[in-house]
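Protein chains in written order, with this note's numbering: chain A, 1 to 1014; chain B, 1 to 468.
Bear in mind the hints are in silico, worked out from the structure with no lab data behind them.
In this text, all values refer to a predicted model and were calculated from it rather than measured experimentally.
For glycine and all other residues, C-beta sits at the position ideal for the given N, C-alpha and C.
A few of these clues could be false.
[As the list claims (entries may be wrong)] Derived list of chain B stretches under chain A, where covered just means 3 residues or more per stretch with a C-beta under 8 Å from a C-beta of chain A:
1) 153 to 164
2) 258 to 264
3) 373 to 387
[As the list claims (entries may be wrong)] Here are the computed distance ranges between Cβ atoms for each label pair:
4) Phe170/B x Ile924/A: 52 to 62 Å
5) Glu888/A x Val194/B: 30 to 40 Å
6) Ser905/A x Asp38/B: 56 to 66 Å
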Amino acid sequence: MTSTLLPILDESCRAAGCESRGQARRTAYWRSLDELAETADFKELLAREFPSQLAVWDDPVGRRNFLKLMAASFALAGITGCTREPLETIVPYVRAQPEITPGRPLYFATAMTRGGYALGLLAESHMGRPTKLEGNPDHPASLGATDALAQASILDLYDPDRSQTVIRRSVIETWDHFLTALTTELGPIRERRGEGLRILTERVTSPTLARQLEALLEDLPEANWHQFDPAGFDNAYEGARQAFGRTVETRYDFSRADIIVSLDADFLSTLPASLRYAREFIDGRRVSARPTSMNRLYVIESTPTITGAMADHHLARRPSLIEPAARMLAGQLGLDVGQPSSAAAEDIVPQDWLRALVSDLNAHRGAGLVIAGEGQPPSVHALAHAINQALGNVGSTVIHTVPVMARPRSGRESFANLVSDMHAGRVDTLVMLGGNPVFTAPGMLDFEQALAQVRLRVHLSEYYDETSFLCDWHVPAAHYLESWGDARAYDGTATIMQPLIAPLYGGRTAYELVAALAGKGGQSSYEIVQDYWRGELGEANFGDSWQRAVHDGVIPQTAADTLDVRVTSSFGNERASPDAPPFPDGELEAVFRPDPTIWDGRFANNAWLQELPKPLTKLTWDNAAYLSPATAEQRALANGDVIEITLEGRSIEAPVWTLPGQADGCVSLTLGYGRSKSGRVGTGLGYNAYTLRPNADAWFAHGASIRKTGGHYKLVTTQGHHNMEGRDIVRVHTFEQLQSGAAGQHKHDAEPLPSLYPEYEYTGNAWGMVIDQTACIGCNACVAACQAENNIPTVGKDQVAVGREMQWLRIDRYYHGSPQDPETYFQPMMCLHCEMAPCEVVCPVAATVHDSEGTNNMIYNRCVGTRYCSNNCPYKVRRFNYLQYTDEITPSLKLMRNPDVTVRSRGVMEKCSYCIQRISHARIDAKREMRPIRDGEVITACQQACPTRAIVFGNLNDTAAEVRKLKGSPLNYGVLAELNTQPRTTHLARVTNPHPDLAAPAGDEPKPRDEGNS
Amino acid sequence: MSDSYERDSDDRGAAAGLAEHGRPPVLEPGHTYATVTDQISSIVLARRAPRSWLFGFAVSFVFFMIFLYAAGYLLARGIGIWGNNIPVAWAFDITNFVWWIGIGHAGTLISAVLLLFRQAWRTSINRFAEAMTLFAVACAGMYPLLHLGRPWVFYWLLPYPNTMTLWPQFRSPLIWDVFAVSTYALVSLIFWYVGLIPDMATLRDRAKGTFAKISYGILAMGWRGSARHWKRYETAYLLLAGLATPLVVSVHSIVGLDFAVSIVPGWHVTLFPPYFVAGAIFSGFAMVMTLAIPLRAVYGLQDFITLRHLGNMAKVMLTTGLVVAYGYLMEIFFAWYSGNDFEWSLIVDRALGAYAPVYWSLIVCNLLVPQVLWFRRARRNVPLLFAVAFVVNVGMWLERFVIIVISLHHGYLPSAWGMYTPTVWDFAQFFGSIGLFLTLLFLFIRLLPVISIFELRELVHETSAPPA
């Protein structure tokens, strides 16, 4: 029986040992069915009475049927399309009036946290339903931009797989029962002054929660609070401690940096301030606006990242070589640190490279920036601090502040202590507020075994996940858009997070749970957060100041104080030897990385993120073991070959993916995959790299070995060919060429080509777009934003495998140069709204037509689906609904959709519309006010999300418009313009800024070379 | 074409009729009006269906059912059940369409064009070829409908007055296609039916059963065979032939334009219209041969479909095959001579890329194998002719696959290159359509005279020695 029933039920049932307990776990979505739903008796009854129904349930591909059944169960549970508004007063961001104008969205400031740090957002609310997230321009970490994870988090809100009820050992319970039980359990603990009570949180920056926990610990001094984040920043804190003797938060000001050196630091995508850093970094390279100077980026890294892709000079080195590299750099700059032996030195950093770098840094004292990555041990961070101080960068590009995190201590030690206490039976009650340690704890610690030693296990989380499953009590957590809260940004600026909608599934917050632990079970998050800020903002006039704080999304004067710290003399020499550790033949270094789309695994059930192509590999729905082309060739491994990776006695199996630019001698593994309980989307995808991880702050490890198993696994990518084949697709110039005027002239840019058809005339608006390829960092934020804005469905791995992904906007990634260390170019590609559009001519029913403002419109109603338009599109940016991809059944997903955008059914073509719904909104506003549409009034979704402002949209007939200015740049060109398609979206050539002494890697005309994974 | 026959020294010697120059006759000697009429009409009226017919029909019908099942599933799920994707948005669907339309060319060519050129040898095969044309066009017509994303609104491609006040988009070659194919289908049907009328009357007169008498009687439209009837009939038939002739050229030219109008490398070739017409005739004759050879063997029609017919058809195949080969050569030449990187890259991809085996199979099937037809002995070797015709049929299907799929999979932006892999439903729909075609053909063989009786009687009249 157990082997064939519905996979989710079956798996959870088996894992729970339901036979032995005699009772199956209930998945939350079945709460409206009879309690018998998962007992063996019921299944038997089902099989006996409704054999045909059983077949439906058995059918592993019958997902749609399953959804139909689910819809019925939702309907019974009363979670259908009604809006549920919170009782507390929330404050609209843009307009103060409380009325809602139907059809016009309201925006509310709130924030999302990742790794505890806040990213300020504006949530778009249609009739009480949040549908889209934008960055809050006032928020220091956002500056109006968002990343892909933030864009996709709206899908998490409406995810039907989210936990929907309190569960006590597989039985549905209520919050009240939980409170009662908790009070009972806490009685003896209180008597023991908290002994045996442990609280495990993720990184906490929330001032309210921190104070609550501190108060609780004061009350129960024997209790303890641990923080654990699998992708935390322990190394940075520890490095600062080594360098300065105290814990320091370091933030950077890239806007002042001319020479940037990244020591394995992916500062463009993984840091809490990455969006801001990306903006500042690109502002220093925006030659289209400021053609006089350009910053230069040197990157040494082991695994290719988007930061590495932006480098002017890039070195791929296995992770253990980066510390010696940092020592060599420090030594050259006159610091007294141990140097690697000269024999090894040339292999670590080539002499000319080092010389160029040092001369650059010396020439730009105070305007250099050396940043060490979290993937490197504390000693490298300490070295970076010392170098920055020696170069006078501190105070200019590098700013030290008091830590933003509450209780900034080593998460690794704290967590390791907790686990060893658990193993030793010293933990009686463990309350986990968020996180999923059973999945994310390093395999070495054997957290699962430790958890079994704990008497009472409580877990608050959004999903009924691996940890919830092993806990006595599971409490569903509210999504951040459903709950009040607060959090600090990377610089300490606090934001009050306001809910946009009442909890869809009765979620609770950490505030409420901690209040319950403190014996104040009835308090709401609203009261708790407001209480805290009443103290901070002052009782006087609190109503106004609270209103303002909530409205703005940032609270002024809450940034962390800067610190004046000096590097201690003994920094960095304490534990590291100057030479790289020995590297025996046949062994590899294992590198761990958070996944670029699902992060540490918390977004595993988010289909948008699963289907979002990873920036460099363009893989979807899986992780892989990344090897350099040379290492793969040496071991006779091809893409998809399954290897067994063994590290310190533990091993996992993973498919190989050769990644140009990966350092030789290491295998990179991304975390977050291999979830066993993550809902219907994320369960069972990829492999779990946490199993191999020795420590929570260990991002690489020596002594990994790999063995080919002979198996093959199908990895699915959205781009199969990575070479431009000598075609003039991404144009690249050097900064020198640009300044000497050599850039921009090209054989294809002749006078306008003749056309059989007359040119259109535009008397009103003429929309156009420019994409700056110097600014595009390939981060995918635009892709996710487009998906959220335009109701774009996901299709699943099988459909991506046959080339039917639906994202309107894709980021093409091309390599140029040797596979060992290629240059990487990103090219955002969507419908270019050609003036002489090849698609328009061939549509037999005029379903794709030019409009009076120049956009190429897709008329879904009229489309019969001949697909000739796609065939004739040289850019292949059209997407076809080969099957019914849009889930029209799941009720919660209906709430999520943008009401301004048609939901497409099967059989119709779709593509980028220039966010025509946003143009319409602006046009209506302008008409009502009897004025033309202003420049910047129409912002497309991709443009709005873009952290680097690489995308500019506007009216080409407006002489003052920014887009028009950019079209006049010598870097401006139309991709494949020689076809006379006259694209309205043009690209600005990429400009690189290599050091003149190093061979210029950027060529105007890339030569074809066979590399990559075609 | 006839030059080679002038020098023929036919070992069959004293042939009658048009065999005066020593070539094989178009009608074996010794036939009278009665024997001709008997032998052909008996297939329909007198003889029981042979086992081979039953077997063939059963197998075809099974495939026809597969066609319906695949189409039903397609309508229920969407064309995602096929392997089509982005960039290869057309694949088996349009390949099959062009293939069938091409096959549908021989009928009208044989009936109309050869009639106008007074090629008497066409008589034995025209009826059969016309029927084949109709059925092939019926099969072809299925694909443009089924391949639509939303087939239930196919009529939006027709210019009809509607409340949306919308016309089709006349710049699109797909609209031209709608007109070309529907016109061709209609004219072919009328031409075929008009050609059948005198024979319907014959069948009506010879039928024993009441149902047959009434059915054929209605279809004969009161034909009495009077001199006035014949006079008007001949005029009408000739006029229809004149009407049908340009269609032979137009249909496939327009199908060629479906591709040539686009800007896809590998499609944007000015040569396509004539090259497609030649390819269509090539494949059409190959299909007539593929079907006629078993037919004459099973029903003993060797006297009517003689080696002369087969030889002539082989020559047409050879000629059009050479035109097609020229087309292949010119595609390569254009790509090279234009200096267009995209075109040249596509040619290289055809020859060396992922689908290279398909391309080389095509070259073998369409370019190399038909060269045996240069030899007269080969043209008289019936099994060999059958084999060559069959290979050409396969080759022509591959040609369309090469043009459509390979061109699409290797477009302008390398980032968008992709592969197409057919699914089981692609194959089901393709083989199913062959089932549909054969089912119709078997029914035709059973219900209507496969060879024009009255025209053969004319031949008898012309070929028999004048009464002593």
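Results for each hint:
Check on the region 153 to 164 of chain B: 4 of its residues sit with their Cβ under 8 Å from a Cβ of chain A, so the three-residue criterion for coverage holds. Counting residues of the region 258 to 264 of chain B whose beta-carbon sits less than 8 Å from any beta-carbon of chain A gives 4, enough to reach three: the coverage restraint holds. Check on the region 373 to 387 of chain B: 0 of its residues sit with their Cβ under 8 Å from a Cβ of chain A, so the three-residue criterion for coverage is violated. Taking the beta carbon of each, Phe170/B and Ile924/A are about 34 Å apart, not inside 52 to 62 Å as hinted.
Judged by the Cβ atoms, the range 30 to 40 Å given for Glu888/A and Val194/B is violated: they are separated by roughly 52 Å. Distance hint check for Ser905/A and Asp38/B: the Cβ-Cβ separation is about 60 Å, which falls inside the suggested range of 56 to 66 Å.
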